[in-house]
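Take the sequences, apply the hints, and build the full model.
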Amino acid sequence: MAMLPHLSSRLAGQMSSDRLSGFEKELAAEKASSLGLAGRRMAAAVAKWHEAGHDEAEELLFAAAQAAHAFMIQRELCGMRDHRAAFEEYQVPAPVLARMGAVRR
6 MAMLPHLSSR LAGQMSSDRL SGFEKELAAE KASSLGLAGR RMAAAVAKWH EAGHDEAEEL
66 LFAAAQAAHA FMIQRELCGM RDHRAAFEEY QVPAPVLARM GAVRR
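Read in order, the letters of the sequence shown are residues 6 to 110 in this note's numbering.
Treat the hints as calculated values from the structure; they're not laboratory data. Just to be clear, a hint being listed does not mean it is correct.
[As the list claims (entries may be wrong)] Computed Cβ-Cβ distance ranges for the label pairs, DEER-style:
#1 Pro98 - Lys30: 29 to 39 Å
#2 Glu31 - Asp60: 21 to 31 Å
#3 Gln96 - Glu64: 12 to 22 Å
#4 Ala49 - Ser26: 26 to 36 Å
#5 Arg109 - Glu56: 12 to 22 Å
Using N, Cα and C, we set each Cβ at its ideal position, and we do this for glycine too.
See below:
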């Protein structure tokens, strides 16, 4: 049984594995929901960049890169480490990927 750091061993021993299972299921559902939201935000940001005129394209490119970076981080929080297939599935273009993690000044 996974033990939460703030629980005493006595209390942790009294908790049923069913309760932890329910908690773990709820946590997995929250992770999946957050990942889906991050994916939708990334897809919307990439689409907005594609549709943009030249005047606002640079700003939207960085917004798409930030959304892609947030998506990647959420995937890593879910235990997924290889992002290539996901970026291909969402058709994230190379200019967006190249700016992931970049900071604008």
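Consistency of the hints with the structure:
no.: 1; hint: Pro98 - Lys30: 29 to 39 Å; verdict: holds, 36 Å
no.: 2; hint: Glu31 - Asp60: 21 to 31 Å; verdict: violated, 45 Å
no.: 3; hint: Gln96 - Glu64: 12 to 22 Å; verdict: holds, 21 Å
no.: 4; hint: Ala49 - Ser26: 26 to 36 Å; verdict: holds, 35 Å
no.: 5; hint: Arg109 - Glu56: 12 to 22 Å; verdict: holds, 21 Å
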